[in-house]
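2 protein chains.
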Amino acid sequence: MKGFAGRTTVGAAVAWIDSALPNFRDLAVEEISLFHSAGRILACDVASNVNVPGFARSMMDGFAIRAEETHGATAYNALPFHVTGTSFPGTPFSGIVMPGQAVRIMTGAPMPDGADSVIPVEYTESQDQTVLVMGELSVGKHVGAIGEDVRSGSLVLGAGRSLRPQDIGVLSSIGCSSVQVIRRPIVRILITGNELLSAGTRPRGFQIADANGPMLHALVSRDGGLSVMPGIVPDDRESLIAALAEPADIVLVSGGSSVGLEDHAPRVLADHGTLAIHGIAMRPSGPAGMGVFNKHLVFLLPGNPVSCLCAYDFFAGRAIRALGGRNQDWPYRRIQATLTRKLISTVGRVDYARVKLDGIHVEPVAISGASVLTSTTQADGFVIIPADSEGYAAQTEVEVLMY
Amino acid sequence: MKGFAGRTTVGAAVAWIDSALPNFRDLAVEEISLFHSAGRILACDVASNVNVPGFARSMMDGFAIRAEETHGATAYNALPFHVTGTSFPGTPFSGIVMPGQAVRIMTGAPMPDGADSVIPVEYTESQDQTVLVMGELSVGKHVGAIGEDVRSGSLVLGAGRSLRPQDIGVLSSIGCSSVQVIRRPIVRILITGNELLSAGTRPRGFQIADANGPMLHALVSRDGGLSVMPGIVPDDRESLIAALAEPADIVLVSGGSSVGLEDHAPRVLADHGTLAIHGIAMRPSGPAGMGVFNKHLVFLLPGNPVSCLCAYDFFAGRAIRALGGRNQDWPYRRIQATLTRKLISTVGRVDYARVKLDGIHVEPVAISGASVLTSTTQADGFVIIPADSEGYAAQTEVEVLMY
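Protein chains in written order, with this note's numbering: chain E, 913 to 1315; chain G, 913 to 1315.
If we strip away everything but chain E, and leave its shape as in the complex, we get:
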């Protein structure tokens, strides 16, 4: 039982993750229903093999006519046209619009042959089979051309796109009922600690209820991963080795990450895989580590819940997002705010300071130990203080990452 001999910088740990990650394009692709694709990452470019619309259509409710015949039409010089039929969406007028004729037309309805423009109903008056046109038109006015929305052969959406609601609408309109997306990374969450009761169990005696399991599950879901939780893993080498060997893209081990007598995870990783980094110059999460086991990345997250959250967000979340083809950057909104009290840090380590926001002002939360998870529920966000800083004086403007 000894302290860490030396600690890796946060930057070096992030660099190691980026170098160890396979490119997400190597991840398997899955085909899913378009209806369930919101927020998923497109695996390949999508081009259209149809025009949308596939026919010229009216953009307005009105009358389809020949533009050249509207010359000189005004409210004081209404020109009469003979109405020979109606074009409805999906049920077009089947004849041809001849000189002096008009066809009543609805928004979205196909343009009848012979007509080249639409006079909106607001600029007309109808009397029996006659419509009076009170405005001039140019050719193509209020007509949506073939392929106006999507042209056949064009690229509609590119690989790597996180699908928005309107993207799904466009994909539907070109006839896609399913899409090829990046498979969600499978993240195995191993919770260790002999003092732990299952999540949500009322704590008793010298035992505490697992907070990290359900928290990590929510974080992994947020980052596009699919979590697998086999329950609390007994604190011994054999159980840990067996649990690490199960299939996964990434494994998170919560607890037992430090250098204490019962901290098996780092030694197991060193003996049976690669312990690339152990001990990071940051607070909280100093005892975090990472490595490789059976070709999957393993993150050792300290059991203290704030440390666990912080180490997840600095390292594991980044890896999960990258592996799923997502933006690796912090998934938190950034705002600028002014400190009302000084924020102290220590040169040589990165600090993760939880803060409360009040308008444009921000102050550190009072209680901030690594074991006080409520410091992160009372906080509105956090400030990252870089390793080369002693902290910030009151009145400094800082960047806050909002939870």
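It is possible that part of the hints are untrue.
Remember, identical chains collapse to one label, so a pair may be satisfied in a single copy or spanning two.
Said to hold, decoys possible - Here are the simulated DSBU-like pairs of lysine-lysine, each with C-alpha atoms no more than 30 Å apart in a straight line:
hint: 1; residue 1: LYS1207; residue 2: LYS1268
hint: 2; residue 1: LYS1053; residue 2: LYS1268
hint: 3; residue 1: LYS1254; residue 2: LYS1207
hint: 4; residue 1: LYS1268; residue 2: LYS1254
hint: 5; residue 1: LYS1207; residue 2: LYS1053
hint: 6; residue 1: LYS1053; residue 2: LYS1254
Source of the hints: derived by calculation from the structure; they are not laboratory data. Everything numeric in this text was worked out from a predicted model, so none of it was measured.
Starting from the known structure of chain E, arrange chain G on it as the hints suggest.
Positioned in the frame of chain E, the structure of chain G alone reads:
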């Protein structure tokens, strides 16, 4: 077939929604598993009836001793203590620490009786059953007190909270395995239009594939609603009345919202419910409307997909979020950017201008008809131009809502 006689302002339409909405606290509450509660809205305050931790515990790996006995200890004056046992997390040392004694202790392990502080392992040297202490301690140093994280009886999270991952961790730690949350509003999506093929069908002839259904489904999910989609509803009064009568908290009708011959929805609503608003001074989405049918809110969304998206976002989404206890504000990140080209609008109507972002510069997308849904997939966001504005000159700084 006539145009709109007059149009309601966007502000008046929003005010009508807010007045028509029941308070979300009237919405039914449901109890769900803590594991599925991320992003759900807490229905009632949660107080703890346990302390977390329920016992004093060590914050470090080290040795539990009596602080008063460390007086004068330094690296050059290491003081010896007799190690009488070990306290592990969940397996405490059962004896009492007497003067001159120390108990080896792990992070998170219960403090043994008699000891009042912990010397971290880094400030010690061990020789057999003796530990040399090389630093002074104050009482309570490196000890987490009972209730340090959560005090029994304290309010942990308030009603109305959107649950974050760390909230779920805290709820788990106080023994909650389930939570009472606001029930998700049930949103019935009625797609009308005789020209429509089911979503994702390859368009053919004078038919187009429904884009709005899957898009609205994704939007409703984003806003915390549960959508119900009965398929494309035939364009006749009876089918629409029957579909409107089905149970729902909110009904969205896509298509047939205007004043054309086949626009049944406004008349059905006027005849069998309340058509509160029809025709709004905005572009796109001018033909949108809203009202009440069988005590549920109904939103009439134009069939043109950009209009549909825009009317959903201005009105229906706001109502769904409010009904589910969520923030009513736009669910889009806002940024400031400088226009590279002028953005033209018309006084008297609100404009929804799709824009592309390039660093801190923003420009309108070239093609922007209400039927061109790809204008919203090529855009990065939109600018809202208020009714009293003629638009903005190039070089103006504008607020962009990012898709």
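Intra- versus inter-copy proximity for LYS1254 and LYS1268 (alpha-carbon distance at most 30 Å): within (13 Å within a copy, 40 Å between copies)
What label fits LYS1053 with LYS1254 when the C-alpha limit is 30 Å: within, between, both, or neither? This pair counts as between: shortest inter-copy Cα distance 23 Å, intra-copy 64 Å.
First find the shortest C-alpha distance between LYS1053 and LYS1268 inside one copy, then the shortest across copies, and answer within, between, both or neither for a cut-off of 30 Å. between (56 Å within a copy, 26 Å between copies)
Within, between, both or neither: LYS1254, LYS1207 at alpha-carbon 30 Å: Close neither inside one copy (44 Å) nor across copies (54 Å); limit 30 Å.
Classify it for me, LYS1207 with LYS1053: is the Cα-Cα distance of at most 30 Å met within a copy, between copies, both or neither? neither (62 Å within a copy, 42 Å between copies)
Is the C-alpha distance from LYS1207 to LYS1268 at most 30 Å within one copy, between copies, in both cases, or in neither? neither (41 Å within a copy, 41 Å between copies)
When the structure is compared with the earlier hints, violations turn up for hints 1, 3, 5 and for no others.
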